[in-house]
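Q: Based on these hints, arrange chain B on the given structure of chain A.
Chains as they are written, first to last, in the numbering used here: chain A, 1 to 299; chain B, 300 to 918.
Please note that the accuracy of each hint is not assured.
Straight-line Cα separation of at most 27 Å, DSS-like style, residue types lysine-lysine; simulated pairs [what the hints assert, rightly or not]: (1) A:Lys57 <-> B:Lys831; (2) A:Lys52 <-> A:Lys195; (3) B:Lys831 <-> A:Lys56; (4) A:Lys34 <-> A:Lys52; (5) B:Lys831 <-> A:Lys52.
What the hints contain is simulated information worked out from the structure, not anything from laboratory work.
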Amino acid sequence: MNMIELLTELAVMPLIAFTIGLFMVLMMRKIAAKIQRRVGPPLLQPLYDIVKLYAKKTQNSHGLVHDIGIIMAVGGYIAAETMLPVPGMNGIAAKSGLLALAYVIMIPSLGLALGVGQCANPNGSIGIARALTAMLAYDVPFVIIIFGASWFYGSNNLIDIVAHQQAGGIATWGAAKMPVLAIAALFSMYAMLGKQPFEIYVAPAEIATGPMVEMGGKYLGGLFVMQCFQLFTASAIYVTMFLGGGENWPFFLVKLFAIIAIPMSMAFVFPRYRTEDVLAVVWRWPVLLGLAGVWLVMH
Amino acid sequence: MTSLDLLLILSGLTTLAGFAFGNHRAYPWLAGIVLTAQIVILASMPLPMAAGFGFEMFGHPVGWQMDGFGRFFALITLGAALASVAYTGGEWGERYAAGGKNLRWLHGALAGNVLAMLLLLASGDLIAFFIGWELTSWAGFLLMAQGGERALRAAMRYVPYAMAGAMAVLGGLVLSLTWTGTLDLSQLVMLVPGLANWKLALLLALFGTGFAIKMGLLPVHLWQTPAYAEAPGAATAFLGAISSRMGLFGFGLLLVKLITLTRLADLSFIDGLFSARDLIEWVAALTIVLPTFTALKQNDARYLLAWHGIGQSGYMLLGLVIGDATGSAGGLLHVFNHATYQAALVLSVFAVMHRTGTADLNSMGGLVTRMPLTFLVMLLGIIGLAGLPPMNGFVSKWLIYRSLMIEGRPLLFLMTVLGTLGTILSVYKLIHNTFLGQLRAEHEQIREAPWSMLVPMLALVALAFVTGVAPGLALNYVNEAQAALGLPVMAHTLGGVESPRGSLDMLWIVGVLFAGFGIGALLFYGAGGRSKRIHQLDNYAGGHFLSADVRYQYSDHFYAGLMHRIGPLYRGSFTQMEAALASANDLLASLMQAWYRQAVPALTLLIATVLGLAWMIWR
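So here's chain B without its partners, still in its complex pose:
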């Protein structure tokens, strides 16, 4: 038995245990221990590591093998699952169960997701890949559907997307087999780049559609926000941290390994002016900007974060497709970084919901005095999401900006920065309307979130901080992933990058930053008079008087001036496009139904039978 077998067996057992006794008090502890053991096994596994089992399907061997690229994603998956399970372990899980919901299903689905993703990430051929892909989609659906009626509706909306994606991937698989005669990834890597341009374009379109749907790339992103936001807290954190990155994993295999970036640049549309590579870069860039500015308009904290999740995935794909050592390292590192702070942010929002019962940004405020540690988590989380020092989100974005600078891509660079600036505005609204501003009378008695929820949240932001100060820790795994994909490997130091044309040493930057804060604190507390704490309503409102019954917190029109300028640009075009596609589909379906069930049922049956017989004889 190899260590990959052990990993998968442990994951399978956790899934069974989750479905069998996930509602037991001891389950989260057990699952936590097993997940930690899995992380240790995975991290210490020599690569590449093949599984000891496998089977044949239609004469093609189906097997699993973990490489550096898969391990990078798998480690994040296990880490995210660990945080989610720990969060569920205490008061949150008890209240969830007390609310009439089934913890066994939640835990089973969560562990099932991990198993499905591990199977996908370790796939050694396209059949294993497709098995993992389908399992991931359905396990994801199961997890999304746990949150009640609205969640189920959102999950149902995901189903047609997932089906379309699966069909597209299956189509790609069949074409690959037809054109190369193999499904084995190690052989496909050698054969696919040699295919004709139109074949590559078709493969790109088919596989790409499937992966884009999973990842939530524009324009097939609409399913993701409600499906992720409405799921129960721990599930939302897990989904937001890693689930849709499976699409990115697919893109990594497809674009970098199979088609290769050089061949991708050959696939040009308008006489060499605009290649498939440009197209993907621009789709990624638009995925950064548009969802970020949609997030800015949200009034529900969960939706706001889910929209940012879509936006941030654009950075990852863009970095990967730029494909130089710096850019691809940035894109891959961003997968890890985003998982850490996004999970923390989602969990902090659910901690606030646990206490206040709402995630509506119009009905909170001032909670920092009641939930200071949760505030700290959200503060560090938003600094990471916005990509500012000292958190890890800054490092991965810096790498992407830098590579766009080196490669000379001013417009893409502008898009990435525009996304960052929009994120800063949006996350300030999030933290302002949750924790700052006026504390509402009904929230006077709120207490801090319980430790069972705080510990995983604090651990996640601590990880995001440590890998921000010492990005070299995470970059080791990124290098492995780059090498496994055949990308140039970025040399790094513990503090970042050393280059004569522009280094980044986070150890020093964070060092002087905290020294600066220290001096600022000395000046503030040492040099000035003693300050006196005053009541929140004791303030100057230009002749008006603020009182507890005056509505203060607002979110709809937080950035009024900005919305006067860009407001008319929000047209809901993608929603309209989705509705148009759905109704076109309905129309087509009813036309066909009218034809074969009502107009000429006997003739349809006859034609089908004759064709079926003919196929069997001809075969």
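The shape of chain A in the complex, shown without the other chains:
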């Protein structure tokens, strides 16, 4: 592959991810609306929201780190998208791999944490402390799953992992070969998305939306963009590890949206876990399932 093709891929991959993420937000809201017997937002509502937030006249900054936090939150995901293979494009997946990707997607969280920190709002700081605790909770099963998958495929290279699964159709998909790990991964991804019942770090009535409390205008807009990326990334990692990656775009999209639809269909009927209960539930079930899955894979 020549350099121009590669650079084009690097530019296009984040754009596609963002667009898909926008529709995932839409789907999430539609599902919530269906459960709550509402109509839900129109097709382009997520886009309108972002444009509105960026265009607002009041844009309050608490200082440079507040700005940089948002830039890191968005920029980190833009970088992460180039490491996730999608149909027809591999970006720099061969040069980074699953393990590096898992750490690159912590950078946006770190950026957000820094930005919120500078806002000097106790609710924001409490929210971040809870969000980081939640990260400690869901990343433990997540890395067990990464280990199991890497061991099974004998590779850390996402392109290999996809090729391995596509070699023999659905029978060679990760989910078929490692069902226990696939369930654990779904659980851990659910917690990663930070939706009910794992959204104690937002807790609007208690800590005034936590990390978001000082975010308005393009700051909140940046977080909205980050959420689009996050939904896509979580779903794409899952599909790449367990559902055969993307043979072609239609199938890939179906898988991506289906995977996000599962936690979202459950989320809106749940109340909320306290932080310590998030730790308890995530360190119990997905960790046990994950370890069992790794044992099964290795024996």
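A: Relative to the frame of chain A, chain B by itself:
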């Protein structure tokens, strides 16, 4: 005269100069130049390089010879010393001297540490090794004791540990001599692996105890945190960067070179189920996790970092003992990487202390607006410590994770990642409570740290960044160390590792990361409305009103939810164990004293004399 002689002579002269006129304004410049010259001499030295001098002791030749493994550690030692001396050179040193403390002792002890470590790292036989070992311990003690009364108490706590360690190493030395008839390392390498299992186990226990104490491995780690944290700034940075790695150097020689990893795996405890190698791997893994989560609970920035120093050493030992090309490269690379960001972090904490007078995480906050460059140093430092891209800490940890994956060690892998996650939480607390959050009224007038302190700090994080983007630069030296130890050598590229089963190219990863940040910045500054800077108290607190007199910053219970869950696990078991050992020792000592000084003094004297005479005649 060989270039190793020159290196040691220069180091000796720096030590003398430090003790003689370390308080002179010109000393830091002079020492800086000499240290730089030493780095150049060392880096350009053909290996192995023997010293031109040596002597005989009890008929055994004692000599020095530098190989690739020693040079790797020696380069880090000299670099850390250079940063520490530079930091001391300006305002920090002046204030230190003005506070009634003696700069000559500080500089002399620092240079003495470097000399002792060079002697240790270049030792060619076990006597030279033991001389270097003892000098390092005592020079370390001298440096720790400089920071005032609390520091002296902490240093005194180190003394019994150091003595016990030295006795254990001496015991190992004597047994090696008895069983192999030689103390020369090049001959021991051939003879020791052939010893019986129980002999190897005993050597491992004796040498291992000594090295574990120096390194601060669980459960003999308790001395290290106060001793390192309470030392004066530049000394803390040096100690934290390299001092305890001498224990790792010892482990490298012992486990990989003398006993060898294959023989280590033969030493099994429960019928082949659990070998000495497993034991060391698990000690290393627990050393990663437990101290990291202890760091999470600290309220003093210096203690927090010192605890992380212990935790990170677990990665180094684990990587080394896994022993494949990738893992051992990761473990060794982590020594260098940790030295760069840990020194920078410690110096940034002391820069904040220089301005605010405190390292208490409950009494700072919001300093980013007053000390932005120091904030930058701490930010890059914590990214390195947490092991996230783009800093170098990520690369060495990645190598260790990867080798655990390849070798199929899921539980150890989980422990290493748990350590990383705990570190992320802990370092966020550090930077949040120092630089983010609310600026206190008493810190309104604080200025940025002086350039004499900023330059070494920025140079260290720049090094940590550059070797993160291009780890190949440091991996060249790591390869040399691997080869000198007889480990498989890891092939690498400038950007990391190239392998069909999982490459790592940091040049590309960091490239797209910064491109991403660039696009993020364009979107942020280009696409949105102009933002307006507002006052820190102008924020929404859900109906409450924040004011300057309301205490905002908190640290005790920063991760309240986590502590509800894991809080009961903090039991202080190691402290209790240390206290129990100390009181058992006291009891034994007073019993013996009561016996030979009070109960039967004459009989004791008689027995001792008779035995002494008998030994002399029999001999």
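Q: Now look at each hint and say whether the structure bears it out.
A: These are the hints, each one checked on the structure:
no.	hint	result
1	A:Lys57 <-> B:Lys831	holds (10 Å)
2	A:Lys52 <-> A:Lys195	holds (24 Å)
3	B:Lys831 <-> A:Lys56	holds (12 Å)
4	A:Lys34 <-> A:Lys52	holds (25 Å)
5	B:Lys831 <-> A:Lys52	holds (18 Å)
Consistency note: the structure conflicts with none of the earlier hints.
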